[in-house]
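Read off the chains here:
Number of protein chains: 2
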Amino acid sequence: MIHNARLLSFRNITDTVLQKEAGHLVPIEAGTDIPFDVKRIYYIYGVDTQTRRGFHSHQKLEQVMICIHGSVKISLKTPVDGEEVFLLDSADQGLYVGPMVWREMFDFSPDAVLLVLASDHYAESDYFRDYATYQQAAYRYFSQEVNKP
Amino acid sequence: MIHNARLLSFRNITDTVLQKEAGHLVPIEAGTDIPFDVKRIYYIYGVDTQTRRGFHSHQKLEQVMICIHGSVKISLKTPVDGEEVFLLDSADQGLYVGPMVWREMFDFSPDAVLLVLASDHYAESDYFRDYATYQQAAYRYFSQEVNKP
Numbered sequence: 160m161i162h163n164a165r166l167l168s169f170r171n172i173t174d175t176v177l178q179k180e181a182g183h184l185v186p187i188e189a190g191t192d193i194p195f196d197v198k199r200i201y202y203i204y205g206v207d208t209q210t211r212r213g214f215h216s217h218q219k220l221e222q223v224m225i226c227i228h229g230s231v232k233i234s235l236k237t238p239v240d241g242e243e244v245f246l247l248d249s250a251d252q253g254l255y256v257g258p259m260v261w262r263e264m265f266d267f268s269p270d271a272v273l274l275v276l277a278s279d280h281y282a283e284s285d286y287f288r289d290y291a292t293y294q295q296a297a298y299r300y301f302s303q304e305v306n307k308p
Numbered sequence: 160m161i162h163n164a165r166l167l168s169f170r171n172i173t174d175t176v177l178q179k180e181a182g183h184l185v186p187i188e189a190g191t192d193i194p195f196d197v198k199r200i201y202y203i204y205g206v207d208t209q210t211r212r213g214f215h216s217h218q219k220l221e222q223v224m225i226c227i228h229g230s231v232k233i234s235l236k237t238p239v240d241g242e243e244v245f246l247l248d249s250a251d252q253g254l255y256v257g258p259m260v261w262r263e264m265f266d267f268s269p270d271a272v273l274l275v276l277a278s279d280h281y282a283e284s285d286y287f288r289d290y291a292t293y294q295q296a297a298y299r300y301f302s303q304e305v306n307k308p
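Each protein sequence line maps, in turn, to chains A and B. Counted from 1, the first sequence has number 175 at position 16 by my numbering; the numbering is strictly sequential. Counted from 1, the second sequence has number 165 at position 6 by my numbering; the numbering is strictly sequential.
Calculated directly from the structure, the hints in this document are not laboratory data.
Same chains, same label: a pair holds when it works inside one copy or across any pair of copies.
Below, simulated DSBU-like cross-link-like pairs (lysine-lysine); rule was C-alpha separation at most 35 angstroms, straight line:
no. : residue 1 : residue 2
1   : 219       : 232
2   : 198       : 232
3   : 198       : 219
Just so you know, these numbers come straight off a predicted model, no measurement behind them.
Could you build the full structure based on these sequences and the hints that come with them?
So this is what it looks like as structure tokens:
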């Protein structure tokens, strides 16, 4: 298990119009279905199957990643937990990723759309983009977390 | 032109990793790229091509609709403006729909995913689901709007 990360399940409502199935609707209430208010949304698509993206951690930002179409794999790691790979292939499943977790995205299906909901606006100062620098800070961060009562 | 509705264009960032194209990223900052904070998100998919959905207006809610994959048509109407149909077929294009606009969604492509960002949590009391009731309220609402200085 990776600290500050977990899978979320959302409701998936099969709507009917005039007794006929009218598709699926997945609702996400900020603060209830996900543990923060949404200040920023982004989505990634048209990624080549061979491409690996991400290669960063955030200091404070919280995110929920949802593969809203197609599929993608997310590798999460911290220096205290090792690595875990999550396959996201369902629109009603989200991956919560909190502070100080290194992430890489890969194996995008050709039709993949990865939706990301974020707890704050874009701020370059919140990123760790160098793994060695991240690793040092993460050791400090998680040893303090663990020591908390 | 429909009152309280307009098309929005988002940035579409073509990312590169190691000098190779690594797909597209569309960022949306709440309060800047769209005129509200996002309290609720939902997405609709798997809708049969023959199905028409929506058939309601909101009293206060603001929304932005984005066809993040595939394509869909949105019919908007008010009793003072008539009807306008918008084709959404691009992930970097959003349709802002404010209060007191009747909406119907149709011509979903088989692979369509319609993402909706909303300014408030779900509240059934904010809906008009009967067109005649909506029409009466909308006449009152827009005549007051027009009379504002």
